[in-house]
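Heads up: the sequence lines are chains H and U, in that order.
Take the first sequence: its letters are residues 5 to 119, numbered as in my numbering.
Take the second sequence: its letters are residues 10 to 123, numbered as in my numbering.
Careful: at least some of the hints might be erroneous.
[What the hints assert, rightly or not] Simulated pairs of lysine-lysine, PhoX-like, Cα-Cα distance not exceeding 20 Å: (1) LYS58/U x LYS77/U; (2) LYS77/U x LYS45/H; (3) LYS48/H x LYS118/U; (4) LYS55/H x LYS19/H; (5) LYS58/H x LYS19/H; (6) LYS45/H x LYS55/H; (7) LYS48/H x LYS77/U; (8) LYS55/H x LYS82/H; (9) LYS48/H x LYS115/U; (10) LYS82/H x LYS58/H; (11) LYS67/U x LYS78/U; (12) LYS77/U x LYS67/U; (13) LYS78/U x LYS58/U; (14) LYS115/U x LYS45/H; (15) LYS115/U x LYS58/U.
Calculated directly from the structure, the hints in this document are not laboratory data.
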Amino acid sequence: EAGVTQFPSHSVIEKGQTVTLRCDPISGHDNLYWYRRVMGKEIKFLLHFVKESKQDESGMPNNRFLAERTGGTYSTLKVQPAELEDSGVYFCASSQVRGFNHEQFFGPGTRLTVL
Amino acid sequence: AQSVTQLGSHVSVSEGALVLLRCNYSSSVPPYLFWYVQYPNQGLQLLLKYTSAATLVKGINGFEAEFKKSETSFHLTKPSAHMSDAAEYFCAVRTQGGSEKLVFGKGTKLTVNP
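The whole structure should be built from the sequences, with the hints applied where relevant.
Shown next, in the form of C-alpha cells:
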C-alpha cells in the first residue's frame with residue numbers, strides 16, 4: 005500500500021510568486037492534515053479536511069494560503085503571493101478514522117524556499 | 010491549550026550507550042502522547058503512542074517511553090543506541106475532540122557516534 009505522497013519535494017521561488025503544493029493521502033483515508041515547520045521552530049498544524057470539507061483551519065497563517073481537497077481525494081495548498089517567512093517544510097498527513105486509536109501517517113514533506 | 014517541551018535540540022551519544030530524549034507536556038485533560046521519528050529525506054514515522062492504557066509504552070526499533078503524570082513527562086529511551094537511530098525525534102500531544110490535531114515539540118536531533 006502506498007503511503008502519503010507529496011509533490012514537489014523541493015520548491016524554490018521568488019518572493020511574490022505563487023506555489024502550489026500537492027498531497028496524495030493514503031487511499032481510503034478521509035482525514036487529511038497539513039502541517040508546517042519553519043526553520044528552528046516546531047511543526048505546526050495548518051488545517052484539517054474530512055473528505056472535501058474543511059473541519060479546522062485555525063492554523064492557517066493568513067489569506068495568502070488556500071487549501072482545497074477536490075472530491076475528497078488529493079489536496080493542494082496554494083501560497084499566493086509567497087513571502088520570505090513562508091519558507092519551511094510543509095507536511096501532509098492522513099488518517100482513516102479519528103478517536104482512540106487513530107494514527108496520522110505523514111508524507112515526506114515539501115521543502116519550500118522563498119527568496 | 011496543550012503544549013509540549015522537548016529539552017535539548019541536539020543529543021549526542023556513543024553507539025551502545027543509553028538514549029534518553031526528554032519530553033514534558035501540558036494538558037488540562039488526560040493526554041494522548043506520541044513520539045515520531047524523522048530519518049533524513051523521509052516523512053515522520055510513528056515510534057510509539059500513549060493512550061491511557063499502560064504507562065510504559067513499547068515502540069518500534071527497541072524504543073520505549075514512560076508516562077509519568079506526576080512529572081507531566083513522557084521521556085523516550087533506548088538501552089543501547091545504534092548508528093541507524095540517528096534521526097530527529099518529535100514528541101507530540103494530540104488534541105481531543107474536533108480535528109484531533111497534533112501539537113509538536115521543537116524536536117531533538119540525535120547523533121550516534123561510533
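So, going through the hints one by one against the coordinates:
| no. | hint | result |
| --- | --- | --- |
| 1 | LYS58/U x LYS77/U | holds, 14 Å |
| 2 | LYS77/U x LYS45/H | violated, 26 Å |
| 3 | LYS48/H x LYS118/U | holds, 18 Å |
| 4 | LYS55/H x LYS19/H | violated, 32 Å |
| 5 | LYS58/H x LYS19/H | violated, 28 Å |
| 6 | LYS45/H x LYS55/H | violated, 29 Å |
| 7 | LYS48/H x LYS77/U | violated, 25 Å |
| 8 | LYS55/H x LYS82/H | holds, 18 Å |
| 9 | LYS48/H x LYS115/U | holds, 10 Å |
| 10 | LYS82/H x LYS58/H | holds, 15 Å |
| 11 | LYS67/U x LYS78/U | holds, 17 Å |
| 12 | LYS77/U x LYS67/U | holds, 15 Å |
| 13 | LYS78/U x LYS58/U | holds, 15 Å |
| 14 | LYS115/U x LYS45/H | holds, 6 Å |
| 15 | LYS115/U x LYS58/U | holds, 18 Å |
In summary, the structure is inconsistent with hints 2, 4, 5, 6, 7 from the numbered list given earlier, while agreeing with the others.
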